[in-house]
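Knowing the structure of chain S, use the given hints to seat chain H on it.
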Amino acid sequence: MIAEVYIKLKEGVSDPEGEATKKALNLLGFKNVKRVSSVKVFRIAIEGVSREEAEKEIEEMCKKLLANPVIHDYDIRWVG
Amino acid sequence: MDIRVAVLRIEGTNCEDETVRAFRALGAYAEAVHLKQFYSDMIRDDEVRSIWDYHCLVFPGGFSAGDYVRAGAIFSARVKSVLRRDLEEFIKEGYPVLGICNGFQILVELGALPGFDEDKPIADEPQMALAINDSNRFECRPTFLKHENRGKCVFTRKLKKEIVMYPVAHAEGKVVFPRGREEEYLERLIENDQIVFRYVDPEGNYSSYPWNPNGSFYNIAGICNVKGNVFGLMPHPERAFFGWQVGREEEVFDGKYVFESVIDYLRKFY
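The listed protein sequences derive, respectively, from chains S and H. According to my numbering, the first sequence holds residues 1 to 80 in order. According to my numbering, the second sequence holds residues 1001 to 1270 in order.
Just chain S, with the same shape it has in the complex (with noise of 0.2 Å):
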């Protein structure tokens, strides 16, 4: 099974990558951006559990390690 763990910036909290990349875009040229939000994928492999146990561990793992509970929201999505 492989899950795709999106670890992305709280509603509110600044995101200066998000920015400097919409900045450098529209310099670009490309006028009708408006938003660019940083998002971090990590692909994880696990097997030798259910999906359900599996999804649970991964919440475990973005308490623990991937992410920081004061800026970051996550989301699993399961892609195969």
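What the hints contain is simulated information worked out from the structure, not anything from laboratory work. Any given hint could be a false lead.
Some residues of chain S that are not near chain H, with every Cβ distance over 12 Å (derived) [as the list claims (entries may be wrong)]:
{"hint": "1", "residue": "K34"}
{"hint": "2", "residue": "S50"}
{"hint": "3", "residue": "I76"}
Chain S is nowhere near these chain H residues, computed Cβ spacing over 10 Å in every case [said to hold, decoys possible]:
{"hint": "4", "residue": "D1002"}
{"hint": "5", "residue": "Q1037"}
{"hint": "6", "residue": "D1045"}
{"hint": "7", "residue": "R1070"}
{"hint": "8", "residue": "E1088"}
{"hint": "9", "residue": "E1109"}
{"hint": "10", "residue": "E1118"}
{"hint": "11", "residue": "S1207"}
{"hint": "12", "residue": "E1250"}
Capping the alpha-carbon separation at 27 Å, the derived lysine-lysine pairs in DSS-like fashion look like this [to be verified]:
{"hint": "13", "chain 1": "S", "residue 1": "K34", "chain 2": "S", "residue 2": "K23"}
{"hint": "14", "chain 1": "S", "residue 1": "K40", "chain 2": "H", "residue 2": "K1080"}
{"hint": "15", "chain 1": "S", "residue 1": "K40", "chain 2": "S", "residue 2": "K23"}
{"hint": "16", "chain 1": "H", "residue 1": "K1036", "chain 2": "S", "residue 2": "K63"}
{"hint": "17", "chain 1": "H", "residue 1": "K1080", "chain 2": "S", "residue 2": "K56"}
{"hint": "18", "chain 1": "S", "residue 1": "K8", "chain 2": "H", "residue 2": "K1080"}
{"hint": "19", "chain 1": "H", "residue 1": "K1120", "chain 2": "S", "residue 2": "K64"}
{"hint": "20", "chain 1": "S", "residue 1": "K8", "chain 2": "S", "residue 2": "K40"}
{"hint": "21", "chain 1": "S", "residue 1": "K22", "chain 2": "S", "residue 2": "K34"}
{"hint": "22", "chain 1": "H", "residue 1": "K1080", "chain 2": "S", "residue 2": "K63"}
{"hint": "23", "chain 1": "H", "residue 1": "K1227", "chain 2": "S", "residue 2": "K63"}
{"hint": "24", "chain 1": "H", "residue 1": "K1160", "chain 2": "H", "residue 2": "K1227"}
{"hint": "25", "chain 1": "S", "residue 1": "K63", "chain 2": "S", "residue 2": "K34"}
{"hint": "26", "chain 1": "S", "residue 1": "K64", "chain 2": "H", "residue 2": "K1092"}
{"hint": "27", "chain 1": "S", "residue 1": "K64", "chain 2": "H", "residue 2": "K1080"}
{"hint": "28", "chain 1": "S", "residue 1": "K40", "chain 2": "S", "residue 2": "K56"}
{"hint": "29", "chain 1": "H", "residue 1": "K1080", "chain 2": "H", "residue 2": "K1092"}
{"hint": "30", "chain 1": "H", "residue 1": "K1227", "chain 2": "S", "residue 2": "K64"}
{"hint": "31", "chain 1": "H", "residue 1": "K1092", "chain 2": "S", "residue 2": "K63"}
{"hint": "32", "chain 1": "H", "residue 1": "K1268", "chain 2": "H", "residue 2": "K1227"}
{"hint": "33", "chain 1": "H", "residue 1": "K1120", "chain 2": "H", "residue 2": "K1227"}
{"hint": "34", "chain 1": "H", "residue 1": "K1080", "chain 2": "S", "residue 2": "K10"}
{"hint": "35", "chain 1": "H", "residue 1": "K1268", "chain 2": "S", "residue 2": "K56"}
{"hint": "36", "chain 1": "S", "residue 1": "K64", "chain 2": "H", "residue 2": "K1036"}
{"hint": "37", "chain 1": "S", "residue 1": "K31", "chain 2": "S", "residue 2": "K63"}
{"hint": "38", "chain 1": "S", "residue 1": "K63", "chain 2": "H", "residue 2": "K1120"}
{"hint": "39", "chain 1": "H", "residue 1": "K1036", "chain 2": "H", "residue 2": "K1161"}
Just so you know, even glycine gets a beta-carbon here, dropped at the ideal spot from N, CA and C.
Below, chain H without anything else, positioned relative to chain S:
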């Protein structure tokens, strides 16, 4: 008695030598210790160490584990997995722990700072973040810091100057508290005397960028835990220890106060 200090390293830390040298210059015994020396069975006998061999632990600056995931996240995960209980005991016993720059990020990711709970000095999950600088740049230059601690922090008790100059060098140093609870956090920090350094301009006024290099809430540059023995700061005192590091005539400079204070605390205590 010899004051023994461990400056912890893993791959990617790079300020351990200056930090060790600062402690040694003041007569303490300090050495850089790889985290593995605390737990691995692949270590030569004469290199095996225990946290209890030391009176003070330092997490130095650098880019531990390449800043992967988030600055400090991987080092802190490794500490949690092999050292958590001992470190918690170490802090409870009153032994001092210092985190400089990447070390501050590690202590934050570890849940050791802001460290509101004296009985549980390492929280289950991070209570604050050191987020990407507002400038979205690596900020590397001198900063001016106002010392605002009223005596709680064991790392600045010998500091009598109001303003010191330590350089910063980081891309992720912006203090962020949980959204909507900033004021509540701030009140607790002030009430507990946990605020240690705040960024100011050369005249001592609280100012925005570039004086506040990262956009930190309340211009916070360094805080200690509620007990005063865990201290983290983004600027580098070990890079302003000798006058020659900062182009000054004096032999030693502002950085020495941090090391002098903790050595003095330990001499009185143990």
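Does the structure keep K1227/H and K64/S at a Cα separation of 27 Å or less?
Between K1227/H and K64/S the Cα gap is close to 25 Å, so the pair holds against 27 Å.
Distance restraint between K8/S and K1080/H, which requires alpha-carbon spacing of 27 Å or less:
Roughly 24 Å between the alpha carbons, so the hint for K8/S and K1080/H holds.
Taking only the CA atoms, is the gap from K1080/H to K1092/H under or equal to 27 Å?
holds (16 Å)
Keeping to a limit of 27 Å between CA atoms, is the pair of K31/S and K63/S held or broken?
violated (38 Å)
Does the structure keep K1092/H and K63/S at a Cα separation of 27 Å or less?
Between K1092/H and K63/S the Cα gap is close to 24 Å, so the pair holds against 27 Å.
Just double-check D1045/H for me: nearest Cβ-Cβ distance to chain S has to come out over 10 Å.
Given that every Cβ of chain S is farther than 10 Å from that of D1045/H, nearest at about 32 Å, it holds.
Decide if the proposed pair is consistent with the structure: K8/S and K40/S, CA atoms, cutoff 27 Å inclusive.
holds (7 Å)
Pairwise hint evaluation, K63/S against K1080/H, where the allowed Cα distance is 27 Å at most
holds (13 Å)
Holds or violated: is the Cβ of Q1037/H farther than 10 Å from all Cβ atoms of chain S?
Per Cβ check, Q1037/H is outside 10 Å of chain S; nearest 23 Å; holds.
Would you check the hint for K63/S and K34/S, treating anything up to 27 Å between C-alpha atoms as holding?
Not OK: K63/S and K34/S at ~31 Å, beyond 27 Å, violated.
Distance restraint between K1080/H and K56/S, which requires alpha-carbon spacing of 27 Å or less:
holds (20 Å)
Quick one, are K1036/H and K1161/H close enough, alpha carbons at most 27 Å?
violated (39 Å)
Of the hints listed earlier, those the structure fails to meet are numbers 7, 9, 25, 35, 37, 39, in rising order.
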